[in-house]
Amino acid sequence: MEKAIEFENIGKQYRLGVISTGTISHDLNRWWSVHILRREDPYLKIGEVNDRSLAGESDYVWALRNINFSVEKGEVVGIIGRNGSGKSTLLKLLSRVTSPTTGKIVAEGRIASLLEVGTGFHPEMTGRENIFLNGAIMGMTKAEIARKLDEIVDFSGCERYLDTPVKRYSSGMIVRLGFAIAAHLEPEILVVDEVLAVGDAEFQQKAIGKMQDVAQGGGRTVLFVSHNMNAVRNLCRRGIVLNNGQLVYDGAVNDAVNFYLHNGCDSDIEGKEITAYISSSAYYIRIDKILYNGSSRDVTVISNNQSYVDLIVEGHTELPLKADLSLTIRNMDETPLASLSTGHFTGLLDHVPAGDFVLKKRIRLPHFLFKGTCLVDIALHQPGVSMHFYAPRAVRMEIEGNTGTYGHALQIKDNGLVGLECNDIE
Amino acid sequence: MQKMVITPHKSLWSIDWKELWRYRDLVGMFIRRNIVVQYKQTIIGPLWYIVQPVLTVIMNMIVFGGIAKMSTDGAPQILFYMVGNICWFYFADCLNQTSTTFSANQRMFGKVYFPRLVVPIAVVVSNLLRFGIQFMLFVAIYGYFLFNSAEVHPNAALLLLPVLVVMTGGLGLGFGILVSSLTTKYRDLTILFNFIVQLWMYATPIVYPLSMIGKRSLRTFIMINPMTSIVETFRYATLGQGYFSWALLAYSFIFMLLLLGFSIVIFNSVQRSFMDTI
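Those protein sequence lines, which keep their order, are chains X and W.
Taken in order, the first sequence gives residues 228 to 653; the numbers are from our numbering.
Taken in order, the second sequence gives residues 177 to 454; the numbers are from our numbering.
The hints are simulated quantities; they were obtained by calculation from the structure and are not laboratory data.
In this text the structure is predicted, and so the values were computed from the model without any measurement.
It is possible that some hints are incorrect.
[To be verified] Covered stretches of chain X, going by a simulated chain W footprint (3 or more residues, C-beta under 8 Å):
{"id": "1", "stretch": "344 to 353"}
{"id": "2", "stretch": "448 to 462"}
{"id": "3", "stretch": "618 to 630"}
[What the hints assert, rightly or not] Derived contacts from chain X toward chain W, CB cut-off under 8 Å, selection only:
{"id": "4", "residue": "Tyr241"}
{"id": "5", "residue": "Leu243"}
{"id": "6", "residue": "Arg257"}
{"id": "7", "residue": "Ser260"}
{"id": "8", "residue": "Leu264"}
{"id": "9", "residue": "Ser340"}
{"id": "10", "residue": "Phe359"}
{"id": "11", "residue": "Ile364"}
{"id": "12", "residue": "Gly366"}
{"id": "13", "residue": "Ala373"}
C-beta: ideal position from N, C-alpha, C; glycine also.
Working from the sequences, and respecting the hints, build out all of it.
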């Protein structure tokens with residue numbers, strides 16, 4: 228396969244703090260060594276790994292360091308990592324908004340970057356004028372835009388407002404118009420930042436659909452950065468995980484997402500402890516740790532053949548409790564889809580003596596689950612008597628779904644959570 | 177297929193003219209935007225452009241012509257001041273508007289790459305419209321004087337007018353992008369800059385003729401100012417009064433070329449990484 232983009236030893240260094248009289252001495256020193264003494268830049272040798280949570284020794288940090296990878300033509304690569312891991316810096320380098328400190332990027336073909344939609348829109352100008360302006364900013368020629376004008380207008384669904392200044396548009400319409408223009412660029416390499424995070428659900432679906440067309444139909448190379456794991460999984464075949472400016476994983480997209488959500492960087496990844504979601508707890512109880520599906524963080528992935536989920540709650544109680552550990556799974560608009568409430572059905576409660584306790588439950592999953600994202604409430608209560616603790620929407624559960632024999636997974640939003648099973652009647 | 181290599185440092189001289197040419201449609205779009213946006217939601221639109229020179233010329237006639245009784249070398253006051261002012265307005269507009277290229281567009285520059293030089297070039301060209309409208313006003317008044325009085329003497333130097341306009345635009349662009357490049361990291365100059373442009377006007381023969389300056393050192397100082405020969409030649413060509421010298425004009429022209437070359441090189445090297453320092 229032909230290479231579309233190659234990153235060789237890419238690094239990007241930033242200086243922290245403000246620019247003022249203090250920085251001029253560094254500049255003079257750098258200029259003296261590089262231009263007069265013909266030595267290396269003294270400030271390139273220093274600088275630390277970019278971990279924003281730790282106070283550093285040096286004023287210089289490497290937002291990216293030693294990045295080496297290549298992307299083949301027609302590949303769709305998702306770049307994931309927590310905030311500040313260097314994703315956006317990588318895209319900025321690629322879209323030539325800023326230049327790297329070290330290394331080299333070689334790209335074959337025209338790059339269009341979508342770090343934002345509607346860049347350069349002028350509020351006083353009409354939709355039509357802005358289509359031409361924005362298109363030209365993105366590198367299209369006037370003739371190209373004129374040819375695609377109808378398609379763009381159609382895709383954006385803003386026909387009626389075409390000759391109205393953009394300042395009168397709703398923010399959603401601006402995004403639609405911006406994305407419509409971007410979607411009709413025809414670059415060999417498309418670089419997309421989290422522009423899909425805006426707009427309503429319908430439009431997001433449309434946008435992702437368009438990106439899929441671009442990636443599959445056009446044989447074009449796409450680099451896609453997002454926090455939306457579902458979007459990444461839907462769009463990409465390969466995933467790259469960045470952490471603190473370094474490339475920590477490169478492989479198939481599902482493995483990359485799992486690596487990001489679980490592996491190693493558990494304490495690093497975006498998100499909170501599940502225990503942080505406890506909204507109410509009784510005076511006699513303290514919850515130290517909640518593990519859901521093996522992770523104490525609020526995001527987890529349920530993979531294809533998984534037959535159970537473990538829920539472990541550790542804590543301390545002053546009083547002996549009668550308790551029922553319960554769960555409610557909700558879809559993203561918070562409609563309940565399924566619950567665990569053993570006590571209700573069987574009347575059997577756990578008897579927890581005063582002192583430290585550990586409750587461990589293995590929750591069996593139905594054979595077939597549909598694909599999508601769910602929220603999970605976790606609670607410990609004595610039904611009808613008292614609530615020991617309650618953690619609403621504490622875990623975001625990304626269900627991979629069963630692709631079955633048709634090669635694609637059915638979605639929760641269309642089919643609900645559980646796939647029913649049946650037999651032939653004798 | 178075009179191949180692109182992104183590296184930390186490029187030679188100072190590697191200016192991609194081909195790329196700039198590829199983005200010529202964008203220059204057109206920016207020109208259109210600059211012009212259209214200025215008179216959106218107005219009734220008389222671009223006619224507003226003549227209000228500024230008219231009021232300024234009237235002020236000049238009252239203050240410098242009337243109160244200070246400064247000479248206009250026998251030319252009609254209204255034409256004398258108008259020539260100076262429309263030249264200066266064009267220069268100062270180009271200069272002021274291009275000097276904020278990086279700071280005013282940092283949001284856009286932070287999101288998309290295109291040759292940054294597109295923006296100041298569009299500014300200089302779109303200001304031509306304003307200059308053109310003001311020049312029309314001048315021509316109208318000039319025509320009146322041409323037929324009704326003997327005080328104006330047009331001559332062959334009129335053929336130089338397009339060159340003078342190009343020189344004015346070039347100087348404005350050159351100084352503007354130089355200031356813009358120098359102030360991305362250390363903004364000290366920005367604070368001084370508006371003030372400098374105001375003072376600069378008085379170092380250019382706008383409200384007085386060069387011939388009025390008797391003192392040799394002062395005269396040399398004013399002639400070093402590259403705008404001087406442009407304004408004086410403009411006056412000479414249209415009114416028949418003013419200082420015309422090929423040597424001084426050539427000096428301004430060469431000054432403009434060198435300045436433009438130097439500024440574009442600096443601008444080009446700053447554009448690669450200004451997002452990190454602005």
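Exercise. Could you check the structure against the hints above and give me the numbers of any it violates, in ascending order?
Key: 2, 3, 5, 6, 7, 8 and 13
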